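K.L.:
Assemble the complex: chain F is given as a structure, and chains V and E must be docked to it using the hints.
Chain residues, written in single-letter form:
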Amino acid sequence: MTAAETTGTEEAREGFGASPNRTALERFLRHPTAMASTAVLVLLGLVTILAPVIAPGDPMRVNPVARFTAPGAEYFFGTDNLGRDVFRIVVHGGRTSLLVGLVVTVVSVSIATVLGLVSGFFHQVDIVLMRFVDGIMAFPSIVLATAAAAYLGASVSTVILALSFVLIAPSLRVVRGQVLVVRELQMIEAARATGVPTLRIFRRYVLPAVTSPILVQASFIFSAAVLGEAALSFIGVGIGPTDLSWGNALTEARDYIGRAPWIVIFPGLALMITILALNLLGDSLRDILDPRLARRR
Amino acid sequence: MLRYLGKRFLLILPTIFVPLIMVFLLLRLSPGDPAGMMLGDQATADQIAALREQLGLDRPLHVQFLIWLKGIVTLDLGQSIFFREPVMEIIPRYAGVTILLTLVALTLAVLIGVAMGVISALNRNNPIDRGVVTTAVLGISVPEFWFALLLIFLFSVTLRWFPVSGYTPPSAGLIAWGTTIFLPALALGVRQSALMTRMMRSSMLDVLDEPYITTARAQGLPERTVLGRYAMRTASIPVVTVAGLSAGYMLGGVVAIEIIFSLPGLGRLLVEAVARRDYPVVEGGVLTIALVLAVLNLLIDVLYAILDPRIRYK
Amino acid sequence: MKMTDPETTMPAATASQEVMRAEGLSVALPIDGRMVPVVTDVSFGVSRGEAVALVGESGCGKSMTASAIIGLPPRGAQVTGRLIVNGREVLGLSPRQRRKLCGNEIGFIFQEPMTALHPTLRIGRQMTDTICHNLGLSRRAATERAVEILDTVGIPRPRAILQGYVHQLSGGMRQRVMIALALSCEPSLVIADEPTTALDVTIQAQVLDLMERMRKEFDLGMLFITHDLEVVRDFCDRAVVMYSGDVVERGSAAGVTRAPAHPYTRGLIEAVPGETTDRLVPIPGSVPQIGAWPEGCRFAPRCARADAKCRTHPPLDAENPTAVRCWHPLEEIA
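Residue numbers (the UniProt record's numbering), protein chains in the order written: chain F, 1 to 297; chain V, 1 to 314; chain E, 1 to 334.
Worth flagging that the hints you see were computed from the coordinates, not collected in a lab.
All the pointers check out, no bait thrown in.
Across the chosen pairs, the derived CB separations fall in these ranges: (1) E:GLY291 / V:GLY6: 50 to 60 Å; (2) F:ARG131 / E:HIS167: 29 to 39 Å; (3) V:GLN54 / F:VAL118: 33 to 43 Å.
Residues from chain V that face chain F, not an exhaustive set, calculated with beta carbons under 7 Å: (4) PRO14; (5) THR15; (6) VAL23; (7) LEU26; (8) VAL142; (9) PHE145; (10) LEU149; (11) PHE153; (12) GLY248; (13) VAL286.
In this text, all values refer to a predicted model and were calculated from it rather than measured experimentally.
Ideal placement from N, C-alpha and C gives every residue a C-beta, glycine not left out.
Chain F with its partners taken away, still in its complex shape (with noise of 0.2 Å):
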């Protein structure tokens, strides 16, 4: 304590400047739930990053020789009914998983962040906005995207538009909650009447404000997209057919479910496990950031 003191000035400055984000990131190295599926979330990554590395030739090779042999030393998790090295299956297809829920968090987070702040300060589109959202969140989204498939075809491509699209709408909300809660704020009506320009106001109070919000979000539309795409594919209208994705692997698994359950059990679980760890993190998260909104739930 006094040391910090009496040695350079410089540090406790910049310390004192940066206290709320440091407090918050303490607060997450602090956190074991956070920490864990952080750490998982980091190693799922890792993996797929180097498949070719980790688990090495094509996953798509058949070899009917090898049909249905139990996980083993050989096959960690198994062969599938054409042989396939189940191991190669779930750590290539994780590379398409995890890269569409990027994709598809980053889209449309970052238009909901945007339509949300305009929704916020503009009453006429709030109304227009808010409407279109009760539509899109109240109706099933894998009806909407599978819908979108009989239009622009099975591929990746349309699963990343059609989630993108539809997943707007819960981020939509949250940001546009969270902005009228900002804009009532004292400092911004009185940064208002002082003629502060709108643009600073945006920068300096507002997105600061919805930052943390924005933040648990992105955990959670991570999940729904991982999993919106698994389902997708395994119905056949997501990612097609000669791409390879968790949910592409349990398709044709349900036939064999009697004869080689590890089909159906490795790929669902690395599935499971993803959206685990992106759910925990965004409990932790909304814990970390939010003490408040952690208290409604």
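P.N.:
Just chains V and E now, kept in the frame of chain F:
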């Protein structure tokens, strides 16, 4: 009460029209010629032109919209390309299964969610509570189609308690119907029941701290009545209000579940229509799901008003 | 307003007439894993037809004492001492037997009727639930009983009220319903926790008058939890003043409010601008936190009269109904 329901009805309209308008625009604005895609490679130019005319695709967009809107309002969505009969005659054959499945799943989810939530709340912070909370977190994260496969593996393949797939309508015997609907409904409801467990738990914990619960106890009412009537009555309200969102979610999950269990429902029809590029059926499926959802939401609003009189008089 | 000078009637209040007596009642709450005392060694009694005020600032333990008397303290609370209700020791009873006292022998009136009455159950349902359970009446007979008691507390058109919900009533009506609910099963003791704090000033007097009328009509023992010294002076016979979990002064309501013996009681009186002083004199310092009570006299750090002697905890004369827990009381007590 009537004014309240009128207001709710107006709020439900976007739920019907937003998805439909999006489907309308998707068909008209997507690259490529829908008529050509519907008919496939072998179609002649004349056939395509005839279908374009039949679908009204040769007219300007706003005229198409008005024709389409008239079709929606009169529930006339044209002919199915594949079945060669009116869409609105095909849909009812499939809608029943989907509606029943969703209702059973919703009921299961509410029952499981409320029961687990209450058990959890009454055992606050002891091992039972922690067990329920952990299970709920896992339940929220489990993909329902994967859960369905696990259920089949455990109960149908290994234990042989239920058929692996197929559907028996309730008219052929309630027990037979029950064995074909239970696993699908359980799989469809798993995430929602986990969500409702969490919601019920926190709602019950909030209500137990309310002064009127202390009043009920101070009046000498036995704990059974205090919890079962006084606390449950208000604690279950949030669960009812999210039931509409849950139903919406389930009507999406139904697609995969119907495929897995080979149930002849709307979801399967929809996916098959997508594969066949049978656009009128796709549109009909979306419209039906939107209507089912709207009716369900109105019913839930009525239930909400019965449970919470404060709403009725607002 | 007062029937007789309570000072002279005091010795007549013998144990047989007492509906409730607390002896050395203490309450401890689990805070951060250890038991922290919040009420210590509280002793007083309430007799039939008598209104006793339990006075103090928020956090002094008066509401905690009340919740211990009806047997509904917060989770994990530890209640010790003796508690006699209608001649029976009740602290050792099972929770189920304890619950039977509620409603039947002790009625409770809460501070905020809006939140203390159920928001989504009809008022009739709440009243008949209570009456059916406690008096063993049929639904129909219970409804008649509810109508009768609502009529007694001055509610017009009681049958219509039974069909309604709490949010449809005015504040005064709500508190009348609350009183009716508390009286519905003919208790001998009624505990009222700040019954008028949430009401408009004009309604306050009506509700207090009603409670006084009920007390006389049904010969009720009443325990008033309050911080309002005017209520104590005008509507109560005796007063028990609490500070930081301690009873610091006990005596007739008139005596305590007119000529307080404890410096804290005088501080309370002087903090309210009124007839005796126009100046508002706040008590210096603030109420010590629960779990951080000073050794000895708990008021000493805020007391102008404190000296070295106050480092030991002053005793309270257990035999005498009029007593003060102070080494340097403001007046000599006879």
